[in-house]
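Trainee: One line per chain: the protein sequences are A and B, in this order.
Going left to right, the first sequence walks through residues 6 to 287 as this note's numbering numbers them.
Going left to right, the second sequence walks through residues 6 to 287 as this note's numbering numbers them.
Hints listed in this document are in silico derivations from the structure and should not be mistaken for laboratory results.
Among the hints, a few may not be true.
Same chains, same names: a pair is fine if it fits in one copy or spans any two.
[Unchecked claim] Below, a list of computed lysine-lysine pairs in the DSS-like style, where the Cα atoms sit at most 30 angstroms apart: (1) LYS262 / LYS26; (2) LYS11 / LYS260; (3) LYS11 / LYS205; (4) LYS262 / LYS238; (5) LYS260 / LYS238; (6) LYS262 / LYS11; (7) LYS26 / LYS260; (8) LYS262 / LYS216.
Protein chains: 2
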Amino acid sequence: MVAQAKALDPASQWTIDEHAKGRAIVVEDGDVFEKGCVSITLIEDGELSAARASAISARSNRQIAAGDRYSACALSFVLHARSPLVPTLRGDVRCFTVGSEEWWGGGLDLTPSYVEVEDCVHFHSSLARLCASHSPDPGTYAEMKRTCDDYFYLPARGEHRGVGGIFFDDLASDWAPAFARALIDAALDEDGPYVPIVRKRRPLEYTDAQKQWQYLRRGRYVEFNLLYDRGVKFGLTPESVERVLVSSPPMVAFKYKAIPADGTLEAATLEVLRRPKQWVES
Amino acid sequence: MVAQAKALDPASQWTIDEHAKGRAIVVEDGDVFEKGCVSITLIEDGELSAARASAISARSNRQIAAGDRYSACALSFVLHARSPLVPTLRGDVRCFTVGSEEWWGGGLDLTPSYVEVEDCVHFHSSLARLCASHSPDPGTYAEMKRTCDDYFYLPARGEHRGVGGIFFDDLASDWAPAFARALIDAALDEDGPYVPIVRKRRPLEYTDAQKQWQYLRRGRYVEFNLLYDRGVKFGLTPESVERVLVSSPPMVAFKYKAIPADGTLEAATLEVLRRPKQWVES
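Extracted from the complex, chain A is given alone in its bound form (with noise of 0.2 angstroms):
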């Protein structure tokens, strides 16, 4: 995952970042990207505080007491590109264990500034194909693709934070581990899910108006992450700051009552975000 970030933007300076619970490689300022971290935590031997014992308890169908001893390890990663036209990808696989129980959760999800149809498709059907080989329902990429829509909105906004992808949480099925597995090294695989897009999209110029369209859509992102993201909630301690928000992203724009004109791709690209599609068959 690191040596293919690192693939996807050679000419950047990535840093190796150690602190007591993991590792992030972090980029900034960079050629492809502007802004990105690749960041592994591990947690041995943690003891379960009561907001997040309930809150499992409530996801799942497990009774989790505060005090219970777990131990849980993640990969997670966010890439905000330069050029306004490369999405922005989010992703994660996290495995969570309790006793002789383990659970896994993750995803991998997309924000452009301007949507493209045929990138989603990409996107999206890469991962209906990866859900697809591993799992035997059939529903499987519908359903986690509908978790992933549900959980990436911001209500007061009427709007989802991006394109989605696929969002799952608790899951415990003898496919798990490997599903996971092969989430991480599709995420940043030359025929994947995202690089394609990178390819394609990031020798286009831009334009100064397209990149402060992408500073008010980092805007959004910023007030997801801050007002809704489960992780950003329960992770937010001293010693975690800094690694829970490297994910905001570099430079934001905030303005009031900024509503694209009628008839531009700016419009479009929010009619999308505002009632998400169904990017392939299923």
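Position chain B relative to chain A; hints supplied.
Mentor: Quick look at chain B alone, frame taken from chain A:
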């Protein structure tokens, strides 16, 4: 207040935006202020939500029930200066009425990118005098100053958002209405707590590096507003989102572990934000 704001940035275009609940007067990309807003909101015969009723009951000694009728009016403003040497000002005054009871809240606080001791002393002295001239209790300023420090705090960062000011809530004393009025009148007065600081700092030259530091500090402003601010949490609906989030700064940067070097003005500012000072004898 609006006339005073315009007088402070006369070369810029202030636009009036009427909405269902009031009016917002906004400046964007202005001469003195990169973004600013004075907002008036009026709610007549509202119905208290359960969350809001329990929050008010918990703070005050009154038992307020969900479904109770209330009316409220608020004047709030935020001014994000273009120059990193001119602090951001935020203030509000609000009156909340249930039945025959009314109580007042509000505050005025300063968020500099660079802490200047003489500015802080001026700002706080001015507010201390305002408190002393209205409240019979000589401890009012100290209490409101502490409330402000406690409120504008980012626990995961171990930082206060700015150098504070005053903040009060649920004030039902007979001097409350006149005090609230005086606070609004003083906020942008030529001889008040803020305007002399703008007059002094605004003509000064600043560097690109100082502007970058301002962008980073605005990142903390956004983090506070979206993660912790009570008004944002309770106020965010599709109808209100633009007028609630108009307080977001115009351009913002987020960097990973952007820790200023020891001995710099930036590090000295952080030091003050971590340990609030007593700026006036009380």
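Trainee: Now tell me if each hint is right for this structure.
Mentor: These are the hints, each one checked on the structure:
Taking the shortest alpha-carbon separations for LYS262 and LYS26, only the inter-copy value of 16 angstroms comes in at or below 30 angstroms, while the best intra-copy value is 41 angstroms. Taking the shortest Cα distances, LYS11 and LYS260 sit within 30 angstroms of each other only across copies (19 angstroms), while inside one copy they are farther apart (34 angstroms). Within a single copy, LYS11 and LYS205 get their C-alpha atoms as close as 18 angstroms, which meets the 30 angstroms cut-off; across copies the closest is 48 angstroms, which misses it. In the homo-oligomer, the alpha carbons of LYS262 and LYS238 lie at most 30 angstroms apart both inside one protomer (27 angstroms) and across protomers (19 angstroms), since each shortest distance falls under that limit.
In this assembly of identical chains, LYS260 and LYS238 lie within 30 angstroms of each other by CA distance both inside one copy and across copies; the values are 25 angstroms within and 20 angstroms between. For the homomeric pair LYS262 and LYS11, the shortest alpha-carbon distance between copies (21 angstroms) is at most 30 angstroms, but the shortest distance inside one copy (38 angstroms) is not. Proximity of LYS26 and LYS260 under a CA criterion of 30 angstroms is satisfied inter-copy only: 20 angstroms between copies versus 37 angstroms inside one chain copy. Taking CA atoms no more than 30 angstroms apart as the test, LYS262 paired with LYS216 passes in both settings, with 18 angstroms inside one copy and 25 angstroms between copies.
Comparing the model with each earlier hint shows no violations; every hint is respected.
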